[in-house]
Amino acid sequence: MTGALAMVKCLEQEGVRIAFGYPGAAICPFYDALIDSGIHHVLVRTEQNAAHAASGYARISGVPGVCIATSGPGATNLLTGIASAYMDSIPLVVITGQVRSDLLGRDVFQEADITGAAEPFTKHSYLVKRAGDIPRIFKEAFHIASTGRPGPVLIDIPIDVQKTEIPDFDYNIPVDIIGYKPRSLGNSLQIKKVIEALKECHRPILCAGGGVFSAKALDELRGFVEKCEIPVICTMMGIGLLPSDHPLNLGMLGSHGCVPANKAIRDADLVILAGARVGDRAVASPGQVAERAVVVHIDIDPAEIGKNMPAHIPIVGDLRLVLSELSKNCDWKAPAEWVEQVTDRKARYSKVEIHAIEGYVEPKSFMRTLSRKMESDAVLCADVGQNQIWSANNFAVRDGRFLTSGGMGTMGYSIPCAVGAKLASPKRQVCAVCGDGSFQMSMMELGTVCQEGLDLKIVIMHNTRLGMVRELQDRLYSCRHSAVYLDGSPDFVAVAKAYGIPAVAVSSNEEAESAIDDMLKNDGPFLMVCRISPDYPSL
Amino acid sequence: MKYTMSVLVENHAGVLSKVSGLFSRRGFNIDSLAVGITEDPSISRMTIVVEGDEYIVEQLEKQLNKLIPVIKVKALEPNETIARTLSLIKVSTGKGKREDVMRISELMGARIVDVTGSTLTLEFSDTADRTETLENLLRPYGIKEIVRTGIIALEKGPNATRPSKRPQ
Numbered sequence: 001m002t003g004a005l006a007m008v009k010c011l012e013q014e015g016v017r018i019a020f021g022y023p024g025a026a027i028c029p030f031y032d033a034l035i036d037s038g039i040h041h042v043l044v045r046t047e048q049n050a051a052h053a054a055s056g057y058a059r060i061s062g063v064p065g066v067c068i069a070t071s072g073p074g075a076t077n078l079l080t081g082i083a084s085a086y087m088d089s090i091p092l093v094v095i096t097g098q099v100r101s102d103l104l105g106r107d108v109f110q111e112a113d114i115t116g117a118a119e120p121f122t123k124h125s126y127l128v129k130r131a132g133d134i135p136r137i138f139k140e141a142f143h144i145a146s147t148g149r150p151g152p153v154l155i156d157i158p159i160d161v162q163k164t165e166i167p168d169f170d171y172n173i174p175v176d177i178i179g180y181k182p183r184s185l186g187n188s189l190q191i192k193k194v195i196e197a198l199k200e201c202h203r204p205i206l207c208a209g210g211g212v213f214s215a216k217a218l219d220e221l222r223g224f225v226e227k228c229e230i231p232v233i234c235t236m237m238g239i240g241l242l243p244s245d246h247p248l249n250l251g252m253l254g255s256h257g258c259v260p261a262n263k264a265i266r267d268a269d270l271v272i273l274a275g276a277r278v279g280d281r282a283v284a285s286p287g288q289v290a291e292r293a294v295v296v297h298i299d300i301d302p303a304e305i306g307k308n309m310p311a312h313i314p315i316v317g318d319l320r321l322v323l324s325e326l327s328k329n330c331d332w333k334a335p336a337e338w339v340e341q342v343t344d345r346k347a348r349y350s351k352v353e354i355h356a357i358e359g360y361v362e363p364k365s366f367m368r369t370l371s372r373k374m375e376s377d378a379v380l381c382a383d384v385g386q387n388q389i390w391s392a393n394n395f396a397v398r399d400g401r402f403l404t405s406g407g408m409g410t411m412g413y414s415i416p417c418a419v420g421a422k423l424a425s426p427k428r429q430v431c432a433v434c435g436d437g438s439f440q441m442s443m444m445e446l447g448t449v450c451q452e453g454l455d456l457k458i459v460i461m462h463n464t465r466l467g468m469v470r471e472l473q474d475r476l477y478s479c480r481h482s483a484v485y486l487d488g489s490p491d492f493v494a495v496a497k498a499y500g501i502p503a504v505a506v507s508s509n510e511e512a513e514s515a516i517d518d519m520l521k522n523d524g525p526f527l528m529v530c531r532i533s534p535d536y537p538s539l
Numbered sequence: 540m541k542y543t544m545s546v547l548v549e550n551h552a553g554v555l556s557k558v559s560g561l562f563s564r565r566g567f568n569i570d571s572l573a574v575g576i577t578e579d580p581s582i583s584r585m586t587i588v589v590e591g592d593e594y595i596v597e598q599l600e601k602q603l604n605k606l607i608p609v610i611k612v613k614a615l616e617p618n619e620t621i622a623r624t625l626s627l628i629k630v631s632t633g634k635g636k637r638e639d640v641m642r643i644s645e646l647m648g649a650r651i652v653d654v655t656g657s658t659l660t661l662e663f664s665d666t667a668d669r670t671e672t673l674e675n676l677l678r679p680y681g682i683k684e685i686v687r688t689g690i691i692a693l694e695k696g697p698n699a700t701r702p703s704k705r706p707q
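In the order they appear, the protein sequences are chains L and X.
Note that my numbering gives residue 287 to position 287 of the first sequence, counting from 1, and the numbers run on in steps of one.
Note that my numbering gives residue 704 to position 165 of the second sequence, counting from 1, and the numbers run on in steps of one.
Hints were generated in silico from the structure; no laboratory data involved.
Please note: incorrect hints may appear among the correct ones.
Said to hold, decoys possible - With a straight-line Cα cutoff of 30 Å, these simulated DSS-like cross-link-like pairs (lysine-lysine) come out:
1. X:683 / X:605
2. X:605 / L:307
3. L:193 / X:695
As the list claims (entries may be wrong) - Covered stretches of chain X (in silico footprint by chain L; criterion: 3 or more residues with CB under 8 Å from a CB of chain L, positions within the stretch not fixed):
4. 556-567
5. 600-608
Stated by the list, open to error - Cβ pair distances, simulated, as ranges:
6. L:331 / X:592: 37 to 43 Å
7. X:651 / L:109: 50 to 56 Å
8. X:555 / L:13: 28 to 34 Å
9. X:592 / L:173: 42 to 48 Å
10. X:666 / L:105: 37 to 43 Å
11. X:555 / L:200: 46 to 52 Å
Positions of the beta carbon are idealized from the N, C-alpha and C atoms, including for glycine.
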């Protein structure tokens, strides 16, 4: 068997059904072997989107996403996608072809040191030197990507290694990596300390982040906060951990978050950080929080604890185990007065009236209508920019998911992410929301959507501006607008129609509402362009 | 303050660049770094001296541990550590200075490893402090060239930093 066939066999053994990629000369042996496998290959339109699509796939399926590219530019195009997955702790196995191993370092055609270039953004990487190592390396890669704190793992394979014959293929090998033994059980003494601290506190909150999704600990989180009646705020990566309308869910915190969440963390005397890394957008001055409150930090990655916010009670462990230990051993309830105070505030803010704007779609009420009309387990993929903030704060997630590029803030993420999400769960409604800026970073993927015949909904918040940067320039640069006018954009409806995708442009809330009905009724892809006021704020 | 870390790593190509890359991208300052294989040829030991505070050292330890080929990280206590650096120093010995340089070398416990009509080359293995003292003593005679290794260090006493498996 050739190395290339062994690569395919490894993927099959891992249960990989779908892979995203873009071929090229240095990965041809693998692509040739792929023909005879049961793995469905999705041809994206640029390699970066193969990584994003694999990310969307991983986030919905719960198993590592697989993406493939050739050497040189194929591999370097993947970098932004790899880095985005790394920042959001998404498990990926990234496979790149490489030039012949005897030519490495000679700067031959399409040669790039991709393991070197990707080093800061990968959990681990391999440059395969011997075909016989392929089964072990694939097994380790899937193990490393999906355990502990998940992340992307890169396997770079020279073309001659793919062509080399290996005598026998055995995937039934144990993984034993001496330097990689992630801890899963939380320290029971630390867990006791948390329970003691809870009993002494008056105003507890739990701040939930993307780590709870990674740990698949949604039920455990809900069980714990419901039993102890602890109000919950979430980071952008934590949206959807509790349904948006759950009484204890106060919404997203941070510079672009909502008032009830931000006031709750300001007033709290105990903060439990669960799988949240306290990024600067979530908490601008973490030191102040730690001065006011007892900080409990639960994370599987010891390096996150104490990195951005000092922690009084650190717990390293798998959130699923730690949270279920906590709820099992804690019979305490948060003071009703505190819970009432924060939930009343949430109710007050949710009643703030949003006014329609003449000649435009009002984006916040649009997102609320969209979430109301979509099925309860729908997946919303939000891009980056004002559209992300409108979506994050107004799309009510029930049993579905809210996917976005949280850490990296990568524009163009939503459409490829939605492609991956839809393929992971074809029965669920999937909608990508982007701006006219971010749409143009990924609009080539309409081709992928058509080729795969995906029933994908796309909404463009069209304000002819790079709205978030425009807002920044208004605030911090004396309203001097620099390079934020998106003149020269095409007629997006016509673009969609050129692909054979039904599309409509709307410029009022009423038009938008009926267009949403048409979009959701329509069995197949649909593109909707919402005309948004260029001056409309994110918050 | 300076901290000395003893780091056991898998003896693979590319591990050094993973470790040094981590230092630059997390903004840690390396004072010195020395690598060599250990009693187990599949494992190398890096001795890294960093300038920083407790926060930096804690972060460094955790970030190093995240690298898959890193097996064990230990911050060494200055008072409980034997630390050495090896130097080769080429000194000018023109105009009757040879005797002086030889006397200093003997006094400090350096070995003379190369002799020419106009130079002596000394080999010196000691602490960083004593190496500096020797340099200061030799400087008036004219140091032509110096090469120093990074600091290598081991814990005092019978304890050994060994690869240990963390709990699953």
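A quick look at each hint next to the structure:
Restraint check for residue 683 (chain X) and residue 605 (chain X): the C-alpha separation of about 43 Å exceeds 30 Å, so the hint is violated. Of the supplied pair hints, the one linking residue 605 (chain X) and residue 307 (chain L) holds, its CA atoms being roughly 14 Å apart against a limit of 30 Å. For the hint linking residue 193 (chain L) to residue 695 (chain X), the alpha-carbon distance of about 36 Å lies beyond 30 Å, and the restraint is violated. Closer than 8 Å: that is the beta-carbon criterion, and the region 556-567 of chain X has 4 residues meeting it against chain L, so the requirement of 3 holds.
Residues of the region 600-608 of chain X lying with their CB closer than 8 Å to a CB of chain L number 7, which satisfies the three-residue condition for coverage. With their beta carbons about 41 Å apart, residue 331 (chain L) and residue 592 (chain X) fall inside the hinted range of 37 to 43 Å. Checked against the hint of 50 to 56 Å, the pair residue 651 (chain X) and residue 109 (chain L) passes, with Cβ atoms roughly 55 Å apart. Between residue 555 (chain X) and residue 13 (chain L) the C-beta distance comes to about 33 Å, which sits within the given range of 28 to 34 Å.
The beta-carbon spacing between residue 592 (chain X) and residue 173 (chain L), approximately 44 Å, falls within the hinted interval of 42 to 48 Å. The beta-carbon spacing between residue 666 (chain X) and residue 105 (chain L), approximately 40 Å, falls within the hinted interval of 37 to 43 Å. In this structure the supplied range 46 to 52 Å holds for residue 555 (chain X) paired with residue 200 (chain L), their Cβ-Cβ distance being about 48 Å.
Checked against the numbered hints given earlier, the structure breaks hints 1, 3 and satisfies all the rest.
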